[in-house]
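Student: Sequence:
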Amino acid sequence: MKKDVKNIPVLFAAGLVCLMYGAGRLYIAMRVDVIGIMIFVIGLACALVCGLRLRGNGQPRISMAGLRAYGFFAATVVVLAGVTVGMNYLACRFELRWDVTRARQHTLSQYTAEILRNLNARVEVTTFYVGMPPKYLEDLFQEYARVSGGKVKTAIFDPLVDIGYAAQFGNVISGQEKKVIVQSSGGRKDIDFTDAPLTEEQLTNAILQVTRRVRRVYFLSGHGEYDINSSEDNGLKTFAELLAKNNIESRTWVIALNGPVPQDCDVLIIAGPKEQFTPQEEQTVEEYLEAGGDALFLIEHTLITTPDKTLSEEELRKNPSLNNILTKWGIRIADDIVLDLASHASGDVGSPATRNYPAHNAIVSGLDYTFYVRPRSIAMLGNRRATIRVAPLVLTASTKESWGESNRNLIVKYDDLLDRPGPVPIAFVIWEQKQGDDPSDTRMAVFTDADFLSNAFIKQYSNAQMGLNAANWISELDYHVLIDRKDIAVERLDLTSQQKRVVIVILWAMPALIAGAGIMVWMRQRME
Numbered sequence: 001m002k003k004d005v006k007n008i009p010v011l012f013a014a015g016l017v018c019l020m021y022g023a024g025r026l027y028i029a030m031r032v033d034v035i036g037i038m039i040f041v042i043g044l045a046c047a048l049v050c051g052l053r054l055r056g057n058g059q060p061r062i063s064m065a066g067l068r069a070y071g072f073f074a075a076t077v078v079v080l081a082g083v084t085v086g087m088n089y090l091a092c093r094f095e096l097r098w099d100v101t102r103a104r105q106h107t108l109s110q111y112t113a114e115i116l117r118n119l120n121a122r123v124e125v126t127t128f129y130v131g132m133p134p135k136y137l138e139d140l141f142q143e144y145a146r147v148s149g150g151k152v153k154t155a156i157f158d159p160l161v162d163i164g165y166a167a168q169f170g171n172v173i174s175g176q177e178k179k180v181i182v183q184s185s186g187g188r189k190d191i192d193f194t195d196a197p198l199t200e201e202q203l204t205n206a207i208l209q210v211t212r213r214v215r216r217v218y219f220l221s222g223h224g225e226y227d228i229n230s231s232e233d234n235g236l237k238t239f240a241e242l243l244a245k246n247n248i249e250s251r252t253w254v255i256a257l258n259g260p261v262p263q264d265c266d267v268l269i270i271a272g273p274k275e276q277f278t279p280q281e282e283q284t285v286e287e288y289l290e291a292g293g294d295a296l297f298l299i300e301h302t303l304i305t306t307p308d309k310t311l312s313e314e315e316l317r318k319n320p321s322l323n324n325i326l327t328k329w330g331i332r333i334a335d336d337i338v339l340d341l342a343s344h345a346s347g348d349v350g351s352p353a354t355r356n357y358p359a360h361n362a363i364v365s366g367l368d369y370t371f372y373v374r375p376r377s378i379a380m381l382g383n384r385r386a387t388i389r390v391a392p393l394v395l396t397a398s399t400k401e402s403w404g405e406s407n408r409n410l411i412v413k414y415d416d417l418l419d420r421p422g423p424v425p426i427a428f429v430i431w432e433q434k435q436g437d438d439p440s441d442t443r444m445a446v447f448t449d450a451d452f453l454s455n456a457f458i459k460q461y462s463n464a465q466m467g468l469n470a471a472n473w474i475s476e477l478d479y480h481v482l483i484d485r486k487d488i489a490v491e492r493l494d495l496t497s498q499q500k501r502v503v504i505v506i507l508w509a510m511p512a513l514i515a516g517a518g519i520m521v522w523m524r525q526r527m528e
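Going by our numbering, the sequence shown opens with residue 1, and the numbers climb by one from there.
In short, the hints are calculated from the structure, not lab data. From a predicted model like this one, the values you see are computed outputs, not experimental measurements. Quick reminder that beta carbons are idealized off the backbone N, C-alpha and C, glycines included. Each hint should be verified, as a subset may be incorrect.
What the hints assert, rightly or not - Label-pair ranges, simulated between beta-carbon atoms: (1) Met-132 with Ala-45: 41 to 49 Å; (2) Val-34 with Asp-190: 46 to 54 Å; (3) Gly-131 with Gln-460: 40 to 48 Å; (4) Met-38 with Asp-190: 54 to 62 Å.
Unchecked claim - Derived lysine to aspartate or glutamate pairs resembling EDC-like cross-links, with alpha carbons at most 16 Å apart: (5) Lys-179 with Glu-124; (6) Lys-179 with Asp-195; (7) Lys-153 with Glu-124; (8) Lys-400 with Asp-419; (9) Lys-274 with Glu-313; (10) Lys-400 with Asp-415; (11) Lys-153 with Asp-139; (12) Lys-135 with Glu-124; (13) Lys-135 with Glu-200; (14) Lys-328 with Glu-275; (15) Lys-153 with Glu-143; (16) Lys-153 with Glu-177; (17) Lys-459 with Glu-232; (18) Lys-274 with Asp-227; (19) Lys-189 with Glu-124; (20) Lys-237 with Asp-227; (21) Lys-318 with Glu-275; (22) Lys-434 with Glu-476; (23) Lys-328 with Glu-290; (24) Lys-459 with Asp-233; (25) Lys-434 with Glu-287; (26) Lys-318 with Asp-335; (27) Lys-179 with Glu-200; (28) Lys-179 with Asp-162; (29) Lys-245 with Glu-201; (30) Lys-151 with Glu-124; (31) Lys-400 with Asp-416; (32) Lys-189 with Glu-200; (33) Lys-179 with Asp-190.
Please work from the sequences and hints to get the whole structure.
Tutor: Encoded structure:
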């Protein structure tokens, strides 16, 4: 009899294994499994036999020390159970997440998050995908719905299975396509991701287009300005494409042909004119600004020469400063070249690189370095209207090693009588709130370089983001810009539902085995 009692821990271990194996097998299979049921019943029977043997083994009553030990054990179990319940409640009530992937592929960018939180309309994202959709797509949609607080509703359908539902969207849906349809009060935008995975940039831009009014910018033409349709290094095609991705439409405008600035112009962009404006053209621009129009000025650099060659009168008139317009708004463009011996790009001291941005968060928040090709210095004037606010936007990085060089013969030497000491301002913002009942205002940004937004340089440093941020602030948009993001190679392990259940069983089995080992030790001690 005593030998049988000592075998109880072994019987309990066998029963525990049978219980865990049988229950795990049934859970993983998710169906009636005769073998699993039999093994589970055997384990249950072993556990019952152990209980009956322990109850009838004639052990003496539990002592006070035993009661204290059992009480401590029960209190520990209660505390641990309370902590577990509390942690689960807090996890459901207050969300706290960590994305430990190297590329933070499970976290939306700050720009997208701000756009989603500020949505003023419901957005429906309907995806048609033949077969089982990839896990990254489900994760991406779940993140959009979570961050937007439910304003973005997503759904994935198989167009071959839900043919009737797919027909509501027209003939654009087919079994060969992978398509996302984004709908809101502002209309509908289709995204085809048949050939490449759907990206955050594509989806966010589509949401912007269906929830925001399209803004229009007009690029002045007719004076040798940079061309928005040119793919050459000195063109602005890339900049225009980035504007379009941010729901800003670009058009060209010629004063001599088209007359006054169009009524639907949200921002007038004057990008590097090479020729002088006529007095009538200057008046047209001034009237537009005085009426509350907004503008982005990109002034070209002054021409330089060598000591043995003098610039002609015609060359001196090239690349006008437009001071006839800008001085009325409190700034003057100098005929110099800004140099920075300490911080410059590509070994050219005439291309200062800087991140010296005075506080103007709507434009410079989050910016890294930007650089400018032979910019000019800007002076702030005192004789302006009291309602006009003027502030520097970009200054050179260094103080003692940067200046505005007045000598245009390639002689780099600071002259404290002629040259402007650093840090030198090379971009300004101007703002004037209209008086009376008119709620509009005039906003301007003036950069003394146009090359930094050209096709050749726009993708370097933070040049693109600087240009887009400025355009957004001028046009009074209340959301941040999106820059093209590099593709990220996603490395992940996708599990089937059955494999997930196997993982769950293993995770539950580990603490159960530890608890079972403790019970076996307790049984042996009772048997002795």
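Student: Now look at each hint and say whether the structure bears it out.
Tutor: Checked hints:
| no. | hint | result |
| --- | --- | --- |
| 1 | Met-132 with Ala-45: 41 to 49 Å | holds (42 Å) |
| 2 | Val-34 with Asp-190: 46 to 54 Å | holds (52 Å) |
| 3 | Gly-131 with Gln-460: 40 to 48 Å | holds (42 Å) |
| 4 | Met-38 with Asp-190: 54 to 62 Å | holds (56 Å) |
| 5 | Lys-179 with Glu-124 | holds (14 Å) |
| 6 | Lys-179 with Asp-195 | holds (11 Å) |
| 7 | Lys-153 with Glu-124 | holds (5 Å) |
| 8 | Lys-400 with Asp-419 | holds (12 Å) |
| 9 | Lys-274 with Glu-313 | holds (14 Å) |
| 10 | Lys-400 with Asp-415 | holds (12 Å) |
| 11 | Lys-153 with Asp-139 | holds (13 Å) |
| 12 | Lys-135 with Glu-124 | violated (20 Å) |
| 13 | Lys-135 with Glu-200 | holds (15 Å) |
| 14 | Lys-328 with Glu-275 | violated (21 Å) |
| 15 | Lys-153 with Glu-143 | holds (11 Å) |
| 16 | Lys-153 with Glu-177 | violated (21 Å) |
| 17 | Lys-459 with Glu-232 | holds (14 Å) |
| 18 | Lys-274 with Asp-227 | holds (12 Å) |
| 19 | Lys-189 with Glu-124 | holds (11 Å) |
| 20 | Lys-237 with Asp-227 | holds (7 Å) |
| 21 | Lys-318 with Glu-275 | holds (6 Å) |
| 22 | Lys-434 with Glu-476 | holds (15 Å) |
| 23 | Lys-328 with Glu-290 | holds (10 Å) |
| 24 | Lys-459 with Asp-233 | holds (12 Å) |
| 25 | Lys-434 with Glu-287 | holds (14 Å) |
| 26 | Lys-318 with Asp-335 | holds (11 Å) |
| 27 | Lys-179 with Glu-200 | holds (14 Å) |
| 28 | Lys-179 with Asp-162 | holds (14 Å) |
| 29 | Lys-245 with Glu-201 | holds (9 Å) |
| 30 | Lys-151 with Glu-124 | holds (8 Å) |
| 31 | Lys-400 with Asp-416 | holds (11 Å) |
| 32 | Lys-189 with Glu-200 | holds (15 Å) |
| 33 | Lys-179 with Asp-190 | holds (7 Å) |
Hint violations for this structure: numbers 12, 14 and 16, all remaining hints satisfied.
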